[in-house]
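Peer 1: Given only the sequences and the hints, what does the whole structure look like? Please build it.
Protein chains in written order, with this note's numbering: chain H, 1 to 184; chain E, 1 to 369.
Hints in this document: simulated from the structure, not taken from any laboratory. Among the hints, erroneous ones may be present.
Computed list of lysine-lysine pairs in BS3-like fashion (alpha-carbon distance at most 27 Å, straight line) [stated by the list, open to error]:
#	chain 1	residue 1	chain 2	residue 2
1	H	K35	H	K56
2	E	K305	E	K41
3	H	K30	E	K323
4	H	K48	E	K300
5	E	K166	H	K47
6	E	K78	E	K17
7	E	K323	H	K48
8	E	K78	E	K66
9	H	K56	H	K162
10	E	K196	E	K300
11	H	K47	E	K323
12	H	K33	E	K303
13	H	K104	E	K323
14	H	K67	E	K6
15	H	K2	H	K132
16	E	K84	H	K30
17	E	K300	H	K104
18	E	K196	E	K111
19	H	K36	E	K166
Far from chain H, some chain E residues (derived; all Cβ distances over 12 Å) [what the hints assert, rightly or not]:
#	residue
20	K6
21	L10
22	D106
23	T115
24	L133
25	F136
26	K140
27	Y258
28	S296
29	K305
30	I309
31	S310
32	A328
33	S359
34	S360
Where is the CB? At the ideal position from N, CA and C, for every residue including glycine.
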Amino acid sequence: MKKEFKIISDLIENNTRVLDVGCGDGTLMKYLKDKKSVDTRGLEISKKNVQDCTSKGLSVIEGNAEKDLHQFPNLSFDYVVLSQTLQAFLDPENVISELLRIGKKAIVTIPNFGYWKVRLHLLLKGTMPITKNLPNEWYNTPNLHMCTIKDFVNYCNRKNIKINSSNLSYKNLFSQLGIFVIEK
Amino acid sequence: MNNIEKVKTLIIDEPLKLDCGQTISNFPLAYETYGTLNEKKDNAILVFHALSGDQFVTGTNPITNKSGWWSYLVGPGKAIDTNKFFIICANVIGGCMGSYGPSSIDQKTNKTIGTNFPVITINDMVNAQYNLLNFFKIDKLFSVTGGSMGGMQALQFVANFPDKTKTAIPIACTASHSAQNIALNELGRQAIMADKNWNNGNYFNTESSPNNGLAVARMAAHITYLSKKSLEDKFGRKLQERDSLKFSFDADFQIESYLRHQGNAFVDRFDANSYLYITRAMDYFDLIKQYKGNLSNAFKNSKTKFFIISFTSDWLYPTLENKEVVIALNAAGANVGFIEINSDKGHDSFLLDVPDFLSSVRNFLEANY
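Peer 2: So, in structure tokens, the structure goes:
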């Protein structure tokens, strides 16, 4: 399991209810279910991934986070997880408000465009950065709304979204990934 | 062995109050089972059949000598593995494969009941079949499943008996029969009623049944089970055993010949009055209205784990209607998974060899057993 999921699972208490938005093949959900007795649900856009999740005994709904989050009632989960997909949405602002409507807390991770390697790539090569977390070319990337850790913090401040204290320390320059626990 | 002996029948003593207000009792429910009920009695799956189905899910149907309607899905080593699970399926009341229906004989008059049979609902069908649990002394089913009208029954079952099944797999169905589907059913009914042999449902005392009407009803319905693409791929404009158009109303095209065959084969195994009653039950199905406009209330107390399946090319029970059920389940905080299977075979996909569908059902059952 990738390190990001380990960090996310450490942020989640045992016996809670978690919705994993864009749950992929269900690796994180399965871990939370088995190790932390978490009651998990997933939303996933890929049919293949939904199949994989089903064979793991996970309850996953095939759907699109931008269209299908409305079906979940207010505060129906303790945590809603969104791992590295915020930047791919047409309307990330709406998705964030949905996450905070459905979950008492939301755990959001973003590939950090302020990471020093990203900055250096753009500075020295003059082309769009390609890194481990940003592997695509500008013309085929699914990412529409890249931001930096600092951008995300600024956004939360502007929208009066509380960044939970259990968040990782704030490392705009040195982290490839920003991991935030936020609540309304 | 005559046909009657090939049909297992349970006589339901307990009175059943129907939605129409009438009460029926001492009526037959024909059923079939596959596999073995284990000692803990926790491996039973109740399968609900669709409009034209019956209790003979798999293997060879002893009445028609054709393969059971869900042979791709159910059987030894298959997705619903009869080596592992105990499968029960009953002919719905209103049907014509041994359960109480319009072709049953009225003991008092010694005549077929015909249209004196009460109008029944999906709810009535499910309540009648619930007696099978008592009969087999099963406290809780492992699963309930079915496609189309079978899926509607699965939804109704969980709504009526929230703690009587561990899992449920409603397939290609809806919580509320749409205007389009009512319209299509009405087309079929009117075709039957327009056949003078129908005779207000009293055709059993005469030599001839409304076969033409029933065949047309089946032809029209059959089109709705397919998709434009599957028709195009299978038939296109191919001609039937001829090189050129005959400038007549013969079946010039293969699709015409195919539909005529479907219609004619159907009348050999299906009763026209049953077709009226069962389509009516489907039209009356509205779980949303039954729960005062909020479908979530139907599943409020359910601990059942749901897996909803739809098909991309199904325009009869489209993904959108299946998703409404998913949304309602989520709103009720129920445990639900959902997948839309890629298939260009239309509504019939749930009966056919669609590998992603078969593996989805297999994976769900195996992961939860």
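Peer 1: Hint by hint, note whether the structure agrees.
Peer 2: Cross-check of the supplied hints:
Only pairs whose Cα atoms come within 27 Å are accepted, and K35 (chain H) paired with K56 (chain H) is accepted, the gap being roughly 14 Å. With a C-alpha separation of about 18 Å, the suggested pair K305 (chain E) and K41 (chain E) falls inside the 27 Å cut-off, and the hint holds. Pair hint K30 (chain H) plus K323 (chain E) holds up; C-alpha atoms about 24 Å apart against a cutoff of 27 Å. A C-alpha spacing of about 30 Å is found between K48 (chain H) and K300 (chain E), which places the hinted pair above 27 Å, so the restraint is violated.
Our distance criterion of 27 Å between C-alpha atoms is met by K166 (chain E) and K47 (chain H), whose separation comes to about 24 Å. In summary, the hint linking K78 (chain E) to K17 (chain E) is not supported, as the alpha carbons are separated by about 38 Å, beyond the 27 Å threshold. Between K323 (chain E) and K48 (chain H), the direct Cα distance comes to roughly 18 Å. Compliance with the 27 Å bound is thereby established for this hinted pair. Simply put, K78 (chain E) and K66 (chain E) have alpha-carbon atoms about 18 Å apart, close enough for the 27 Å limit, and the pair holds.
The suggested pairing of K56 (chain H) with K162 (chain H) is violated, with an alpha-carbon distance near 34 Å, which exceeds 27 Å. At roughly 48 Å between alpha-carbon atoms, K196 (chain E) and K300 (chain E) are farther apart than 27 Å, so this suggested pair is violated. The straight-line distance between the Cα atoms of K47 (chain H) and K323 (chain E) is roughly 15 Å, inside the 27 Å bound, and the hint therefore holds. For the hint pairing K33 (chain H) with K303 (chain E), the CA-to-CA distance comes to about 17 Å; that is within 27 Å, so the pair holds.
The hinted pair formed by K104 (chain H) and K323 (chain E) meets the criterion: a straight-line CA distance of about 25 Å does not exceed 27 Å. At most 27 Å may separate the alpha-carbon atoms for a hinted pair to count; K67 (chain H) and K6 (chain E) exceed this at roughly 51 Å. Of the pairs offered as hints, the one joining K2 (chain H) and K132 (chain H) holds, with about 13 Å between alpha carbons and a cut-off of 27 Å not exceeded. Restraint check: the Cα-Cα separation between K84 (chain E) and K30 (chain H) comes to about 25 Å, which is no more than 27 Å; the hinted pair holds.
For the hint pairing K300 (chain E) with K104 (chain H), the CA-to-CA distance comes to about 22 Å; that is within 27 Å, so the pair holds. In summary, the hint linking K196 (chain E) to K111 (chain E) is supported, as the alpha carbons are separated by about 20 Å, within the 27 Å threshold. Annotation: proposed proximity of K36 (chain H) to K166 (chain E) holds, straight-line Cα distance about 23 Å (limit 27 Å). The beta carbon of K6 (chain E) sits about 37 Å from the closest Cβ of chain H, which is more than 12 Å, so the claim that it is off the interface holds.
For L10 (chain E), the shortest C-beta to C-beta distance to chain H comes to about 34 Å, beyond the 12 Å cut-off, and the non-interface label holds. Its beta-carbon lying about 48 Å from the closest one in chain H, D106 (chain E) satisfies the requirement of being farther than 12 Å from that chain. Listed as outside the interface, T115 (chain E) is consistent with that label: its C-beta sits roughly 42 Å from the nearest C-beta of chain H, beyond the 12 Å cut-off. Every beta carbon of chain H lies more than 12 Å from that of L133 (chain E), the smallest distance being close to 25 Å; the non-interface claim holds.
With a least CB separation of 26 Å from chain H, F136 (chain E) remains clear of the 12 Å interface cut-off, as annotated. With a minimum CB-CB distance of about 18 Å to chain H, K140 (chain E) clears the 12 Å threshold, and the non-interface call stands. The claim that Y258 (chain E) lies off the interface holds: its Cβ sits roughly 31 Å from the closest Cβ of chain H, which is beyond the 12 Å cut-off. The claim that S296 (chain E) lies off the interface is violated: its Cβ sits roughly 9 Å from the closest Cβ of chain H, which falls inside the 12 Å cut-off.
At roughly 7 Å from the closest C-beta of chain H, the C-beta of K305 (chain E) falls inside 12 Å, breaking its exclusion from the interface. Under the 12 Å C-beta cut-off, the non-interface status given to I309 (chain E) relative to chain H is violated; the minimum distance is some 10 Å. Distance check on S310 (chain E): its Cβ comes as close as 9 Å (rounded) to a Cβ of chain H, failing to clear the 12 Å threshold; non-interface status is violated. Non-interface status of A328 (chain E) relative to chain H is broken: a Cβ of that chain comes within 12 Å, the nearest being about 8 Å off.
Not every CB of chain H is more than 12 Å from the CB of S359 (chain E) (nearest about 7 Å), against its label as outside the interface. With a closest Cβ-Cβ approach of about 6 Å to chain H, S360 (chain E) is found to fall inside the 12 Å limit, against its non-interface label.
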